[in-house]
Amino acid sequence: MADVQPQQKQEEPLDLIRYQLDETVLVKLRGAREMKGKLQGYDSHCNMVLSDATEYIYAENQDKPQGKSTDMVFIRGDSVILISPVAE
Amino acid sequence: MSEVSSNSSIKTDPSTFLSGIIGSKVSVKLNNGVSYVGNLQSIDGFMNIVMDTTAEFIGGAASGTKYGDVFIRGNNVLYISKV
Numbered sequence: 001m002a003d004v005q006p007q008q009k010q011e012e013p014l015d016l017i018r019y020q021l022d023e024t025v026l027v028k029l030r031g032a033r034e035m036k037g038k039l040q041g042y043d044s045h046c047n048m049v050l051s052d053a054t055e056y057i058y059a060e061n062q063d064k065p066q067g068k069s070t071d072m073v074f075i076r077g078d079s080v081i082l083i084s085p086v087a088e
Numbered sequence: 001m002s003e004v005s006s007n008s009s010i011k012t013d014p015s016t017f018l019s020g021i022i023g024s025k026v027s028v029k030l031n032n033g034v035s036y037v038g039n040l041q042s043i044d045g046f047m048n049i050v051m052d053t054t055a056e057f058i059g060g061a062a063s064g065t066k067y068g069d070v071f072i073r074g075n076n077v078l079y080i081s082k083v
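These protein sequences, in sequence, are chains A and B.
So for the first sequence, my numbering puts the first residue at 1; every next one is plus one.
So for the second sequence, my numbering puts the first residue at 1; every next one is plus one.
Because the hints were derived from the structure by calculation, they are not lab data.
Ideal placement from N, C-alpha and C gives every residue a C-beta, glycine not left out.
If a hint is listed, it holds; no wrong ones were tucked in.
Derived DEER-like restraints, expressed as beta-carbon distance ranges:
#: 1; chain 1: B; residue 1: P14; chain 2: A; residue 2: K64; range: 38 to 46 Å
#: 2; chain 1: A; residue 1: T70; chain 2: B; residue 2: I22; range: 35 to 43 Å
#: 3; chain 1: A; residue 1: V86; chain 2: B; residue 2: F46; range: 19 to 27 Å
With the C-beta cut set under 10 Å, the calculated list includes, among others, these residues of chain A facing chain B:
#: 4; residue: D15
#: 5; residue: Y19
#: 6; residue: Q20
#: 7; residue: S44
#: 8; residue: C46
#: 9; residue: G77
#: 10; residue: D78
#: 11; residue: V80
#: 12; residue: I83
#: 13; residue: P85
No more than 30 Å apart at the CA atoms, straight line, and that leaves these computed lysine-lysine pairs for DSSO-like:
#: 14; chain 1: A; residue 1: K68; chain 2: B; residue 2: K66
#: 15; chain 1: B; residue 1: K11; chain 2: B; residue 2: K82
#: 16; chain 1: A; residue 1: K64; chain 2: B; residue 2: K29
If we strip away everything but chain A, and leave its shape as in the complex, we get:
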């Protein structure tokens, strides 16, 4: 009875990340860091696993940080600020 909803259920933000699985994403982290990589998985805490990842650390005296590459990386959710797909 209550299972059938008259209008389409509003998708929550965490449902929308699912469309980015297997796509390259840019994750902005606390401490002026960014991580770019292919999204393998995530959970409700925004813990996530990226493959072929590159970490960028921004320092005040240099404008273009060089990336540090990792095959596979786990990111703890509490340091995540934002997640965005990147064109590539």
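Given chain A's structure and the hints, the job is docking chain B onto it.
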């Protein structure tokens, strides 16, 4: 008295406000001072937010960074306002 609020346009509770601004252009300010302006697609009880056509503003000035789609983790959110 039966009706607490006779004028609902004045007394809007937070969740009514948030569901009412879905689809409109909003500004989201984060604790670190950066704000994002874009179309609000979705929001949940943690204040996790998804926006599209988003522009980043640092200290009130556009940083030049644009995101097609962006997910913001709720714990970083300071406020959300309709623009």
